[in-house]
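Asker: The chain contents come next:
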Amino acid sequence: MKNRSYFRIISLGLGFAFLYLPILMLIIYSFNESRFVNVWGGFSTKWYQTLFENDEILDAAFLSIKIAAVTATISVFIGTLAALALVRFGNFKGRFLFSGLVTAPLVMPEVIIGLSFLLLFIALESLTGWPSNLGFSTITIAHVTLSLAYVVIIIRARLQSFDYSLEEAALDLGAKPYKVFFKITLPIIMPALCAAWLLAFTLSLDDLVVASFVTGPGATTLPMAIYASIRTGVSPEINALATLIVLFISLGIVMAAIIMNRKRNDRASY
Amino acid sequence: MSKSKIPFYKKVQEQPWLNPREKPYIHLENISKYFGDVAAVKNVNLSIYKSEFFSLLGPSGCGKTTLLRMLAGFERPTTGRIYIEGIDMTDVPPYDRPVNMMFQSYALFPHMNVEENIGFGLRQDGVPKNEIKNRVDQILELVKMSELGKRKPHQLSGGQRQRVALARSLVKRPKLLLLDEPLAALDRKLREHTQFELVNIQEKVDITSLMVTHDQEEAMTMSTRIAVMSEGQIVQTGTPTEIYEFPHTKFIADFIGTANMFEGVLVEEEPDHALIHSEEIDGDLYINHGVSVPIGSHVWVAVRPEKITIHKNEPKEKRNCAKGIVVEIAYLGDVSIYHLRLETGKIIMATVTNFNRITDQEMTWDDEVYLSWKPSSGVVLVT
Chain A
1 MKNRSYFRII
11 SLGLGFAFLY
21 LPILMLIIYS
31 FNESRFVNVW
41 GGFSTKWYQT
51 LFENDEILDA
61 AFLSIKIAAV
71 TATISVFIGT
81 LAALALVRFG
91 NFKGRFLFSG
101 LVTAPLVMPE
111 VIIGLSFLLL
121 FIALESLTGW
131 PSNLGFSTIT
141 IAHVTLSLAY
151 VVIIIRARLQ
161 SFDYSLEEAA
171 LDLGAKPYKV
181 FFKITLPIIM
191 PALCAAWLLA
201 FTLSLDDLVV
211 ASFVTGPGAT
221 TLPMAIYASI
231 RTGVSPEINA
241 LATLIVLFIS
251 LGIVMAAIIM
261 NRKRNDRASY
Chain B
1 MSKSKIPFYK
11 KVQEQPWLNP
21 REKPYIHLEN
31 ISKYFGDVAA
41 VKNVNLSIYK
51 SEFFSLLGPS
61 GCGKTTLLRM
71 LAGFERPTTG
81 RIYIEGIDMT
91 DVPPYDRPVN
101 MMFQSYALFP
111 HMNVEENIGF
121 GLRQDGVPKN
131 EIKNRVDQIL
141 ELVKMSELGK
151 RKPHQLSGGQ
161 RQRVALARSL
171 VKRPKLLLLD
181 EPLAALDRKL
191 REHTQFELVN
201 IQEKVDITSL
211 MVTHDQEEAM
221 TMSTRIAVMS
231 EGQIVQTGTP
241 TEIYEFPHTK
251 FIADFIGTAN
261 MFEGVLVEEE
271 PDHALIHSEE
281 IDGDLYINHG
291 VSVPIGSHVW
301 VAVRPEKITI
311 HKNEPKEKRN
321 CAKGIVVEIA
331 YLGDVSIYHL
341 RLETGKIIMA
351 TVTNFNRITD
361 QEMTWDDEVY
371 LSWKPSSGVV
381 LVT
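Residue numbers (our numbering), protein chains in the order written: chain A, 1 to 270; chain B, 1 to 383.
No lab work stands behind these hints: they were computed from the structure. If you're wondering where the values come from, they're calculated on a predicted model, not measured in any experiment. We put the CB at the ideal spot given by N, CA and C, even for glycine. One or more of the hints may lead you astray.
[Unchecked claim] In silico DSS-like pairs for lysine-lysine, Cα to Cα no more than 25 Å straight-line:
# : chain 1 : residue 1 : chain 2 : residue 2
1 : B       : 133       : A       : 179
2 : B       : 133       : A       : 183
3 : B       : 175       : A       : 176
4 : A       : 179       : B       : 150
5 : A       : 176       : B       : 129
6 : A       : 179       : B       : 175
7 : B       : 133       : A       : 176
8 : A       : 179       : B       : 129
[Unchecked claim] Some chain A residues flagged as far from chain B (calculated, every beta-carbon gap over 12 Å):
#  : residue
9  : 53
10 : 92
11 : 110
12 : 229
Next comes chain A alone, as it looks inside the complex (with noise of 0.2 Å):
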């Protein structure tokens, strides 16, 4: 096996490392016994365990992970019809515009959008009432504006790869328009949407400028958490929790994989 040269391997390991090592540090240092982030104490699980009494972290990860399921959840059902119309209405009147518009947030920085959330939040309240704290619901409103434009990138990509004749197809055999749906267009891009939730559910977990600004008393995300805690010294409970996102994550991302494997296979058959 020539091709297995020694510049190669090399190469290959450096890249890896430069991706991975800073994640492997935090890992392995997240079994830390010491105290000091920077000093190998020996193995031990029990920053892992006081993790797990500290109530203020596990308190803001569960809202981090309640608002990122609502979140992912409402903007695959708004991006899915987004999506629909922006390739199946045809060249509507706007059409332009508004896939523009659909996909502005993109490219806008983040403050800006935190911004002018809390500022829209605050106009509503004088006007309307509502909402009286900010907290669940704000983030929530401005992470499905977030991640609205990744998910119709994703849906509307499928979409446009969609074999038409497979829907006529399930048409000319007797099943009417919303069973159509339901039967054949809604199973085939479901990976899509699958991995959308997904992009969205992370995006929303991961958010600490757009949720800092819309957030009120009493509703810390878990970026938060984890940011404030950072400015009073890096605790090695703090590695630990990353280090179970991590796992968390990756256990999602392989899932998601093989999902989209099994999914492709279908999906070569036409």
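Could you slot chain B onto chain A? The hints should help.
Answerer: Only chain B this time, still in chain A's reference frame:
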């Protein structure tokens, strides 16, 4: 031409289209379809009779697929009506029509296995589960796919997918089966084999079928009748023999098979013969029947390459005969195609069956030869 190209004549005892008292099973009345200002289909009238295997043949863009899609209900005609068994179906949506279609891409549902694909139509109609199972099993047996019922489409070969698609469109026993280029995706050998099989299955289930194709050989092999389409209109309807031997126009003569075309003027016209003078060949062209076109008309005479005989010595019969030089030989195995240049400069194609194994070539490039054809071989065309 290989053996399997020999036209396969469908066993049709009676020819219902010749019987004026016979009612058409499918009837298109004055169908037109405009996309914006562009007419895809113009004033098409068509009658298809029960159990027929009818083909729409034409080059791409001639409107044949649009016509098919109107029958399926995916497109609504701009004007005209569609009748199936005398019932007006023009405004009936596709899911309520007794019509099923086999798509060119097969359109098998990728997330369902073969049995689920075939049973889909029956499930939509609320057929009881055990009956669905029986009918799916039956049709799988018919298309020889019983072993593969649990496979997903992506686990099948092209030919197998084609069978599943056919089974799916047959299982509901539609009044009309639409076939959109059903064999286009198969390779040549499999296509020739499948042509016969498809016709056999169609005869067995006795479902009236309409096929769209751009492949004249496919249409000739499989159909009871063919409608040739060009620019949105039907230019000729007839049996494969009629279309091939008696084309109505230059376009048809050229599109169906190949034809040598002589442009000329009609100089003599009697009930028993006609004479055409052409600048493209020395000596007039003689046809052994009247053509009912006024003398002096500008006409074309089409002669099929296989109807031309090549002689090494000058034949006795001087009519429909010319001298030429071999300029090109295409050896296809079973036949050879010769390109001959006449003294007028006109290039003529002639096919010769290779009865003997060609080791010592009888004719070769630059040989001087004579070619001739029978007075019954030429077809006089006005347009």
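Asker: Next step is simple, just say for each hint if it's right about the structure.
Answerer: Outcome of the hint check:
| no. | hint | result |
| --- | --- | --- |
| 1 | B:133 <-> A:179 | holds (21 Å) |
| 2 | B:133 <-> A:183 | holds (20 Å) |
| 3 | B:175 <-> A:176 | holds (20 Å) |
| 4 | A:179 <-> B:150 | holds (23 Å) |
| 5 | A:176 <-> B:129 | holds (20 Å) |
| 6 | A:179 <-> B:175 | holds (23 Å) |
| 7 | B:133 <-> A:176 | holds (22 Å) |
| 8 | A:179 <-> B:129 | holds (19 Å) |
| 9 | 53 | holds (46 Å) |
| 10 | 92 | holds (17 Å) |
| 11 | 110 | holds (38 Å) |
| 12 | 229 | holds (46 Å) |
In terms of the numbered hints stated before, the structure departs from none.
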